[in-house]
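Number of protein chains: 2
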Amino acid sequence: MYAFPSHTAASIPTSDETPTSDLPPLLVLRPLSDAWLSALNAKFTLVSPSSPLSASVHAALISGAYNRVDPALLDQYPSLRCLVNTGAGVNHINLEECKRRGVQVANVGETHSKNVADYAVGLLLDVMRRITMSDRYVRNGLWVTRDNYPLGSKLFVQIFQLGGKRVGIVGLGSIGSAIAKRLEAFGCKISYLSRKPKPTVSYRYIPNICDLAAESDILVVSCALTKETHHIVNKQVLQALGKEGIIINIGRGANIDEPELVRCLIQGEIKGAGLDVFEHEPNIPKELIELENVVLTPHQSVFTPEAMAEVIQICIANFEAFFAGKPVITPVVAD
Amino acid sequence: MYAFPSHTAASIPTSDETPTSDLPPLLVLRPLSDAWLSALNAKFTLVSPSSPLSASVHAALISGAYNRVDPALLDQYPSLRCLVNTGAGVNHINLEECKRRGVQVANVGETHSKNVADYAVGLLLDVMRRITMSDRYVRNGLWVTRDNYPLGSKLFVQIFQLGGKRVGIVGLGSIGSAIAKRLEAFGCKISYLSRKPKPTVSYRYIPNICDLAAESDILVVSCALTKETHHIVNKQVLQALGKEGIIINIGRGANIDEPELVRCLIQGEIKGAGLDVFEHEPNIPKELIELENVVLTPHQSVFTPEAMAEVIQICIANFEAFFAGKPVITPVVAD
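For the protein sequence lines, the chains are P and X, in the order given.
Numbering of the first sequence is given in UniProt numbering, commencing with residue 1 and proceeding in unit increments.
Numbering of the second sequence is given in UniProt numbering, commencing with residue 1 and proceeding in unit increments.
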């Protein structure tokens, strides 16, 4: 899911009039920052959902943070033939229904892969080396007041070395591959699960999630959310990962059975977790707030200003292809 | 500086008696965890500083967190001919004085390099992508209560992408080299400063610290603390790094003019910092506690349980070489 700072979001003028410009009309179903507005306004006539024109528009900009693309939405905008999603994940889009109605769907391709991969490694290093926890310790004044300077706290017994660890990557798409490349530089041993082995990589392929977890010190969830991957990390998988195991999730919250994960973290059945996504965002299980063995961030792994600029350009390029009668340039390929 | 959890530290028995064992006597000038105690006891007769025997012992275990090796200390133990330091940095040891007195000095070689390098990358990703700050945001309940879900806070405008950034490494020893290797996997462009260009690397050599800062988005301090590197990052360097610059310090606090760094962070003259070391540990400037653009940790970049085990073995191997009449295996080479 991807979005931009809505403190800068402006409204699209609602108009009952026929557009006076020759620019093709574009339905906008998510808030827009100033950067988005000025870039889109230069190329399209923006149409808001409340405009009577919205029912006749052929293309729309959407986001998983704000939109659920189901038959009801598609009925509301029956002329739509092209949807461009500003994020990587498309679990909010009923792709079969779109296909049936002849609606092309695009996302932003691999724009986000590098940033999400960087973020996954950042979360992992943070959890392994207790960076966020230690910052809290220092800010709370405990470094000075505890007599066991410099490294006395019991907190620190949970620190782990990353080098040499076995990392199991759940989903070796462009994000998972970028994570693997980075972790190789830290001396990690990579295995992965995907629908099929990837002939271009030398990492070990383990086709069963429980086997992957059992043979990993660290499990990184970087797969799309589909029917098959819903709760792919369940109680059995967490047990297979075991007491010394670390889990990182930059996929989707519902890839993990969240109540079970929370129970394992509380009871020490797994060692720790770095979570950027949750099942019921922005709500997170309140028990997590009290835990020292987790790092919790608000679904921001894609977010950098540099990516924002790139995302705007790739969305515009998709719409331009569509309006020129060509296929979108970064289509979402359904399973 | 390196130490182990002193909540597990035990005292060495103080004895007025001549050792009954044939094991060579070893003076211990730092607290020891149980793991240290049992490993050392198997090989040496441990002697505490308060024992009358201490004046005649030839070898000692030291740590920068607890010991300052100056003429006064060397006068107190006139028989010492071998010092083994449990950390990487040796700025607490007067190496010239040791050399003059014929005292061999060893540290733990490159044992810590990988862990320190991992930690530096972790701090950098944390600062660039605001991981610790975001964890605080989530734990404070702000993700739910702010109406600009999912990424609305002004906090997030300071996030940056790591890929493509220019990183200047101050000190390309084994730690700096390991940092460079890791950051290459993230697509960073590496330059470095050292006394001399390193013929084995392809990174750009910039012999002047101000030039290095001016041509870097990120400055990573990974040099030893010497007379030459004391406050090597001063006001001019920080100005050269500039408003969008990030600084990471896993070297020594006094490598940076700390009051000047604090002023720059407060006034926005540099963007942010990840600091594991400080000039007057465990005290840190109180102004830092209030800042959102810093990550503060308690001098723990070397610390992992895996490294602890390795450090014990390498220290023992140094003492065994010394007692066998050979040179220590990981000598500290003075400038």
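Hint data in this document are derived by calculation from the structure and do not stem from the laboratory.
Take these hints with a grain of salt, some might be off.
As the list makes no split between identical chains, a pair holds if one copy fits it or if it spans any two.
[Said to hold, decoys possible] Calculated pairs, DSBU-like style, for lysine-lysine (alpha carbon to alpha carbon, straight line, at most 30 Å):
1) Lys-286 to Lys-235
2) Lys-99 to Lys-198
3) Lys-286 to Lys-181
4) Lys-286 to Lys-198
5) Lys-189 to Lys-286
6) Lys-243 to Lys-189
7) Lys-43 to Lys-198
8) Lys-198 to Lys-181
9) Lys-326 to Lys-165
Hints and how they fare:
In this homomeric assembly, Lys-286 and Lys-235 come within 30 Å of each other (Cα to Cα) only inside a single copy, at 20 Å, whereas the closest approach across copies is 44 Å. With identical chains, the CA atoms of Lys-99 and Lys-198 are at most 30 Å apart within one copy only, with a shortest distance of 27 Å there and 58 Å across copies. In this assembly of identical chains, Lys-286 and Lys-181 lie within 30 Å of each other by CA distance neither inside one copy nor across copies; the values are 34 Å within and 39 Å between. Proximity of Lys-286 to Lys-198 under the C-alpha cut-off of 30 Å is found in neither arrangement, the shortest distances being 39 Å within a copy and 52 Å between copies.
Neither within a single protomer nor between protomers do Lys-189 and Lys-286 lie at most 30 Å apart by alpha-carbon distance, with minima of 34 Å and 41 Å respectively. In this homomeric assembly, Lys-243 and Lys-189 come within 30 Å of each other (Cα to Cα) only inside a single copy, at 19 Å, whereas the closest approach across copies is 38 Å. Taking the shortest Cα distances, Lys-43 and Lys-198 never come within 30 Å of each other, neither inside one copy (40 Å) nor across copies (51 Å). When the C-alpha separation of Lys-198 and Lys-181 is checked against a cutoff of 30 Å, the pair qualifies both within a copy, at 14 Å, and between copies, at 26 Å.
In this assembly of identical chains, the alpha carbons of Lys-326 and Lys-165 never lie at most 30 Å apart, being 47 Å within a copy and 36 Å across copies at closest.
Checked against the numbered hints given earlier, the structure breaks hints 3, 4, 5, 7 and 9 and satisfies all the rest.
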